[in-house]
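J.: What follows is the residue order along each chain.
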Amino acid sequence: MRVQPAAQTGAEGRNDAVLRASHISVEYGGTVPTRAVRDVSIELHRGEMLGIAGESGCGKSTLAYALTRLLRPPAVMTEGQVLFCGRDGAAPIDIMQLEPEALRRFRWTVVSMVFQSAMNSLNPVISLRRQFSDIFEAHVPEMDREARDRRSRELLEMVGIDPSRLGGFPHELSGGMRQRVGIAMALALQPEIVIMDEPTTALDVVVQREILLEIARLRRELGFSVIFITHDLPMLVDLSDRLAVMYAGEIVERAPAEWVGGRPAHPYTLGLQAACPDLLGERRALQGIPGSPPDLRQRLRGCAFAPRCQYVFGPCADIHPVLSPLAPPAAAVIESVLDRDGGKTSKLNDWAVACHLHDRTANPAGPPDELAGDPLGTGGLVPPAVGAGLGVDPTGRPARGQDQL
Amino acid sequence: MSVLQVQDLTVDFAQRRGPKFRAVDHVSFELVAGETLALVGESGSGKSTIARALARLLRPTGGELLLHGRPVGHRGRKLRDYRREVQMVFQDPFASLNPAYTVGHHLRRPLRIYGHPRKGLEEVVEALLTSVNMVPATSFVSKFPHELSGGQRQRVAIARALATQPGVILADEPVSMLDVSIRLEILNLLDGLKRDRDLALLYITHDLATARYFSTQIMVMYRGEIVERGPADSVILRPAHPYTQLLEASVPGERTPHRLDELAPVRGAGGTNVILAAERAEATAATGCRFRRRCPHAMDVCSTHPVEQDLGDGHLVRCWLHDPKVREKSGDRAAPQQSAPSGA
Amino acid sequence: MTTTAIAPAAGATEPRPGRGLSARLHGAAGALRRSPRMLVGLIILLFFVLLAVFGPLFIHNPNALGTEVLGRPSAKYWLGTTQEGQNVLYQVIAATGPTLEVGFVAGGISTVLSLLIGVGGAFIGGISDEALNLFTNVILVIPVMPLVIVISAYVQAKSLLPTIIIIAFTGWAGTARVLRALALSMRSRDYILAARVSGERPWRIVVVELLPNMTAFIVSGFIFTVIFAILTQAGLAFLGLGNTNLLSWGNMLYWAQADQALTSGAWWWFAPPGLCIALLGTGLSLVNFGLDEVLNPRLRSVRPVGGRTKARRQAAGSP
Chain A
132 MRVQPAAQTG
142 AEGRNDAVLR
152 ASHISVEYGG
162 TVPTRAVRDV
172 SIELHRGEML
182 GIAGESGCGK
192 STLAYALTRL
202 LRPPAVMTEG
212 QVLFCGRDGA
222 APIDIMQLEP
232 EALRRFRWTV
242 VSMVFQSAMN
252 SLNPVISLRR
262 QFSDIFEAHV
272 PEMDREARDR
282 RSRELLEMVG
292 IDPSRLGGFP
302 HELSGGMRQR
312 VGIAMALALQ
322 PEIVIMDEPT
332 TALDVVVQRE
342 ILLEIARLRR
352 ELGFSVIFIT
362 HDLPMLVDLS
372 DRLAVMYAGE
382 IVERAPAEWV
392 GGRPAHPYTL
402 GLQAACPDLL
412 GERRALQGIP
422 GSPPDLRQRL
432 RGCAFAPRCQ
442 YVFGPCADIH
452 PVLSPLAPPA
462 AAVIESVLDR
472 DGGKTSKLND
482 WAVACHLHDR
492 TANPAGPPDE
502 LAGDPLGTGG
512 LVPPAVGAGL
522 GVDPTGRPAR
532 GQDQL
Chain B
3 MSVLQVQDLT
13 VDFAQRRGPK
23 FRAVDHVSFE
33 LVAGETLALV
43 GESGSGKSTI
53 ARALARLLRP
63 TGGELLLHGR
73 PVGHRGRKLR
83 DYRREVQMVF
93 QDPFASLNPA
103 YTVGHHLRRP
113 LRIYGHPRKG
123 LEEVVEALLT
133 SVNMVPATSF
143 VSKFPHELSG
153 GQRQRVAIAR
163 ALATQPGVIL
173 ADEPVSMLDV
183 SIRLEILNLL
193 DGLKRDRDLA
203 LLYITHDLAT
213 ARYFSTQIMV
223 MYRGEIVERG
233 PADSVILRPA
243 HPYTQLLEAS
253 VPGERTPHRL
263 DELAPVRGAG
273 GTNVILAAER
283 AEATAATGCR
293 FRRRCPHAMD
303 VCSTHPVEQD
313 LGDGHLVRCW
323 LHDPKVREKS
333 GDRAAPQQSA
343 PSGA
Chain C
18 MTTTAIAPAA
28 GATEPRPGRG
38 LSARLHGAAG
48 ALRRSPRMLV
58 GLIILLFFVL
68 LAVFGPLFIH
78 NPNALGTEVL
88 GRPSAKYWLG
98 TTQEGQNVLY
108 QVIAATGPTL
118 EVGFVAGGIS
128 TVLSLLIGVG
138 GAFIGGISDE
148 ALNLFTNVIL
158 VIPVMPLVIV
168 ISAYVQAKSL
178 LPTIIIIAFT
188 GWAGTARVLR
198 ALALSMRSRD
208 YILAARVSGE
218 RPWRIVVVEL
228 LPNMTAFIVS
238 GFIFTVIFAI
248 LTQAGLAFLG
258 LGNTNLLSWG
268 NMLYWAQADQ
278 ALTSGAWWWF
288 APPGLCIALL
298 GTGLSLVNFG
308 LDEVLNPRLR
318 SVRPVGGRTK
328 ARRQAAGSP
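Protein chains in written order, with our numbering: chain A, 132 to 536; chain B, 3 to 346; chain C, 18 to 336.
Simulated from the structure, these hints should not be mistaken for lab results. Treat each hint with caution, since some may be false.
Claimed, not checked - Sample of chain B residues with no beta-carbon within 12 Å of chain A, all distances over it, derived: (1) Gln9; (2) Gly46; (3) Leu68; (4) Arg82; (5) Ile115; (6) His118; (7) Pro119; (8) Gly152; (9) Gly169; (10) Asn190; (11) Thr212; (12) Asp235; (13) Arg296; (14) Thr306.
To be verified - One-sided excerpt, in silico: chain B residues whose CB lies under 10 Å from chain A: (15) Phe23; (16) Leu69; (17) Gly153; (18) Leu195.
What the hints assert, rightly or not - What follows is a set of in silico ranges between Cβ atoms, one per label pair, in the way DEER data are often shown: (19) A/Gln228 / C/Pro90: 41 to 47 Å; (20) A/Glu303 / B/Ser178: 41 to 47 Å; (21) C/Ser302 / A/Gln228: 38 to 44 Å; (22) C/Val70 / B/Leu59: 50 to 56 Å; (23) A/Gln228 / C/Trp284: 40 to 46 Å; (24) B/Pro233 / C/Leu151: 54 to 60 Å; (25) A/Ala222 / B/Ser178: 46 to 52 Å; (26) B/Glu124 / A/Gly445: 55 to 61 Å; (27) A/Ser172 / C/Leu67: 36 to 42 Å; (28) A/Arg348 / B/Ser178: 27 to 33 Å; (29) C/Leu151 / B/Lys80: 34 to 40 Å; (30) B/Asp198 / A/Glu288: 54 to 60 Å.
No residue lacks a Cβ here, since even glycine has one placed at the ideal position from N, Cα and C.
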């Protein structure tokens, strides 16, 4: 059940980038440096929720920290640029070049963050009122105590917590409630971008659902953009507008969420999907992805996923696949869909994959059916011969967005 | 064939203020050789407490354990015999291995404790590693935990549990801290070992999907009680208890027939505050259905403790909604029918 | 069924404290490289140990009286002379041994006591643990110096042994508390529970499974206690307690003060022993800090990766 339909804030809104990160690389120092993020470029559009999916060690959290200049030693950003384009249409701001004072002002007022253990990022010995107050004192010094209190109460109510708890302490709240407080704090200064790093991982699935509904609602009301980082791919397919899948420090697939949910283009994404069995589906052989992620201290040759990929062929071992827009036949399918849809071919560029299977010159035959990309997921494609172990549903999945709340 | 029978297990924890907190309330079930029993619940439901009680890591307040039909002993030789038969795999692969010792040490200890002579020890250790697919075994024997990945550590933990050749394995959320892509491998491994060695497996998890696919029977726990139990497909595809339905509707990406707003928790004037207070009260309240404050179908009768209803086929639910007499009276008003699965 | 990767895990995490012996030896060399503090501390320590062991071979009787009274440092007397014409340098060197002896022996005994009472109590649990904990807290609260002074005043000290024993039996409480708290928290770690489920006997769990993981804290506690012992002994000697004829830095300070070295400006008499005490204490503390740094990667001083100025600027830019 999708939390929200794909947010359409207008053609201009969709293409309007609020954050533009180019060629970000991050290394962790040590006797042998670990390259945690490798040449990643990503754009966050205004008002959208961008999901970043990946497993441990793929670099998604590191990337988020790099975007906000929160990297701590031994992590160091060795190259890259992050441009922020404000609502007011002013010149883009290069975040990496900001002076410390400007950076401080930038933080939390423009970009804020909800951390993985927001329940642990609350200071246990300080009351909630003080913690909210600290935010305002640091960024809006002219606010007097009454105004701060009022705003703090508003924020608590906004996330569904009784405002009378403002005077209490974090340990008096449950895990879910503390996470909501974390979200409230992140929204305190009405930022344009909120980065959420696994905000619901430590929570029960029921509480998690509530939090996600809350986030969706707030987004609709306040209109901020979100980068949502998690290892839970089905959640992102449900929740986000676009999503990017990371593996070994790189983005391997980037697409509108509902399309990836239908039929992904990258073997790793397919594997991830298969690794999350459908609760109500038919019984089938379940299989994960064999092997383990590569050692990021090494220089990687070719495709980082090749050792674990069951579609590996010629160029994979030596030539590094570059993230490129989906080529035909997948592109052709999308085009035909979009024509029916009434245009918006700009969406075509939204689907990019880093895989030689989609490279026309390297693989003239085109990708196997289960990776051919199928935006509507209406199937009509032959059941997969290869990749049967990945258990893709042969009848295709019905279009998402039809089961609403 | 039943290997371990749990009868009326009850575990109370003393609280600093107020009455004792009952984490497990008169729970009964049995573990059958060659079958997996899934225990599903959220944190605070008591499922981990049950695992610890069965592993004899804590002393239950009440109830009885029968191993192979005989009551288990409490200390000395009898306790050691029990431990030999009942082993455990812990949730956190990073914490369940001692960082100061090698893989070999972890596997040798249980063998030595139960009297395996030094001669031939290495072969058995290597055989154990092979049985959990860590090959070549010799290369892993001298590795330290920090040199292994999460999945590999968990395999070592499983190998350790197998060392004493137990009849029962308690798997407490064995994969929830592993990456998604390796979870299925580990679960498949456990499944295969269970079949090969005719083990009775207790699979504790909060993940309904894997519970369904890997187990024969599922028990759903809520606040110390089993609210629904039965064959896996039956419980998942036709959930009868409102809590089970809520769980299913909350799983991301699932298309279930229940609308979330129907099942959404009741928001009082204080928001979820009310829920929290109500839940705390529930934990110590002795009477009535624990779920009634959150249940959209709560009725007056729910203030008395519901009795387990038999829905046929071994599917049982602890809910007044399925009591025929209650259904009659309310005229099938808002009873959530056991829902058919959506789509194919 | 698929097979796992054959090679051991890629991207292994930072080693945790308490690794096995062979790995630790390998790590020791790397550790020294990573922590300049520890290196400096160890050098200082090594210096004093060598001084204690080999120094006396190069000197003549340090207690020999001489004619030059309160003489300034000169070519003949590198650190000058005392009121009785004794060679200060010889005295300082000769005193090194006893000082180190008191420090390390008292430290050792004290640490053993801390282990028995702290960890033992944590594992026994129940009333015994409560009682031991209470006892520990009482000892901790009693001011040590006055206690030690009172006891020393009653004990006739012919050798260093009584001093060692007194210090050992008054200085264990702090470490005992720390070790107890640590043992309590580790008791519920999964690998300890796993050992119980495997059927390990309790004593084996404590000695084999638990203690190796506490080595960092035990070593740290030991070093701390050594510092405490040395300073306490110096203090006692300075006050004239214990056998004042036994040569130690503290004793030297006592005699210096008694013989009006301060007023007559004979800095060469009290400065060297004082400096030695301070230096040894510093060296031990640096080793302790260094140990922390080595075991906790996050505390290490930052050295930027590679030579790119951009990287440096960015690293500097992120506060």
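J.: Report the numbers of all earlier hints that the structure fails to satisfy, in ascending order.
T.: Violated hints: 2, 8, 10, 11, 12, 13, 15, 16, 18, 19, 20, 23, 26, 27; rest satisfied.
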